[in-house]
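Peer 1: Following the hints, put chain F in place on chain R, whose structure we already have.
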Amino acid sequence: MKQKRTLSGKIVAYPHVLWSVLFIMLPLLFVLYFAFTTPDGAFTFDNIIALGNHKATFALSVSLSLLATVFCFLLGYPLAYFMAQASPKKQKLLMTLLMLPMWTNLLIRTYSMMALMDDAGLINSLLSALHLNTIRMIGTKGAVVFGMAYDFFPYMVLPLYTTISKIDKSVLEAASDLGASPAGVMTKVVLPLSSSGIISGVTMVFVPSISTFYISQKLGGGTFDLLGDAIERQFQNVNTYNVGAAISLVMMILVLLSLWVMNRFTDSDEGGTQA
Amino acid sequence: MKTLQKIYTFLIFFILYIPIVVLVLFSFNSSGNTGSMTGLSLYWYRELFATPSTFTALKNTLILALSASVISTLLGTAAAVGIGKFKNKAVRGAVLSVTNVPMMNPDIVTGISMMLLFVLVGSLIGLKEKLGFWTILIAHITFCLPYVILSVRPRVLGLNRSLSEAAMDLGCTPVSAFFRVELPAIMPGIVSGFIMAFTLSLDDFVISYFTTGNDFQTLPLLIYSMTKKEVTPDIYALSTLMIAAVLILLILSNVAESKGKNKENETSAKAAERIG
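Heads up: the sequence lines are chains R and F, in that order.
Here the working numbering is used: the first sequence runs in plain steps of one and ends on residue 275.
Here the working numbering is used: the second sequence runs in plain steps of one and ends on residue 1276.
Looking at chain R on its own, in the form it has when it is part of the complex (with noise of 0.2 angstroms):
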């Protein structure tokens, strides 16, 4: 018998790992490169040192994303889980309702947050409606949390509703049966199964959260910096590249270590990652 031969041989992946090694990894190396040298090339440290300016803006960033995170969270999960016992048509609708806001530009997004919270806004226009005081949003660290938190709202509850929906229903009768409380069958039995899902959104909430300039800039109304700005504002310039380099540099392995921590914590990352 002749041996088979298929086409398909790994031949057929080779452009692509060329294309990884080109538009991955050396634009990656690249960052390692920028954040050691000075704008002539020369070797230094000083990059790295020159963070010590910025430890008030990793500061404020981590915090601002992870309480927009932990806001995701806390509001997405019962969302998540009363959209899994919902029948199966209103699950759809639920879902499609879920997605439009998703596949919405994020700029778009921001953007009609700012025209509800702007000081001749909607809010502050109803406000003097009725003869109120107005509140000055933009500009308060509240209005970015909250717009961090509206933005990727939908990127929290779609992994936890993935997850949910999949877990045997007999399972949790099962528990019950066991003679769990309510309680007891959400903290011992949902919340563990959907483990994997609470990764994905958590990653998928605060990694944009923390990156992003966006949001800051016109919630913020620039009177304090994001890490995003940061790096944002080195790269205007030629000669402070190399600083970028480095605030991007310890934001890449600060965030790449934060999700190999946490998928060390599932062992599968079913959690519909894919938005």
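Each hint should be verified, as a subset may be incorrect.
Using 30 angstroms as the maximum straight-line C-alpha spacing, the simulated DSBU-like pairs for lysine-lysine come out as follows [what the hints assert, rightly or not]: (1) R/K55 x F/K1228; (2) R/K92 x F/K1006; (3) R/K169 x R/K90; (4) F/K1006 x R/K188; (5) F/K1002 x R/K166.
Since the hints were derived computationally from the structure, they do not count as laboratory data.
Peer 2: Same frame as chain R, but now just chain F:
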């Protein structure tokens, strides 16, 4: 659903949609006021369509999204088929992890890393305009690739080897066995990967922002430059049109999906019949 659950679900969706509804509503405002409606008009739409840059940006966005999604679908599908053929587990793992890097990395890091590459290579070969259509296209293909592979690979893994072997036993060449047996089986994954790549490219702002030049502006970049100035409702009008386009796409893909599912169910039912 219980009443309390219904109220909660309603409230969340209400909050999620208020800003969008307000935006759409105010795009029809007759004045430039963003705080109160003074009357209905299409003034801001006329204003929007009177600016040629809107059309240029729309054209650019579509050209870019189409080329990026076609190329990334071709590259990604070939990769999804070929990666499994790497016998060395470590090599396969390494290729897959590197592929996923743009998906996990913050967009801003992907954007600036590619920009550094383009700028450096551009100055090495002495280009005056280092960033433009080609660089943004390369960037878009790169961040679309993992999503294409992610949607095609499960289909490849689910392929029944004996089917293509049977085809070859019956006289198919390996090439025609691939195109007549394997390709149709992984087609749904390819199509959804293509759609995902297309929408991601259409939607991207951050990576585009860092990898394009002055002479190639896409819609998200246009919105960004418009919002840098003061708030005017012509951005609302543009946003409303984009939301409408997304809504139409979403409905179409839902319809296509449910049709596809019916077909799949039919074929699997037929297969089950034959086996049973």
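Peer 1: Confirm or reject each hint.
Peer 2: These are the hints, each one checked on the structure:
1. Restraint check for R/K55 and F/K1228: satisfied, since their Cα atoms lie roughly 28 angstroms apart, inside the 30 angstroms limit.
2. About 15 angstroms separates the Cα atoms of R/K92 and F/K1006, which keeps this hinted pair within 30 angstroms; it holds.
3. Restraint check for R/K169 and R/K90: the C-alpha separation of about 18 angstroms stays at or below 30 angstroms, so the hint holds.
4. Between F/K1006 and R/K188 the CA atoms are separated by roughly 25 angstroms; this keeps the pair inside 30 angstroms, and the hint holds.
5. Pair hint F/K1002 plus R/K166 holds up; C-alpha atoms about 21 angstroms apart against a cutoff of 30 angstroms.
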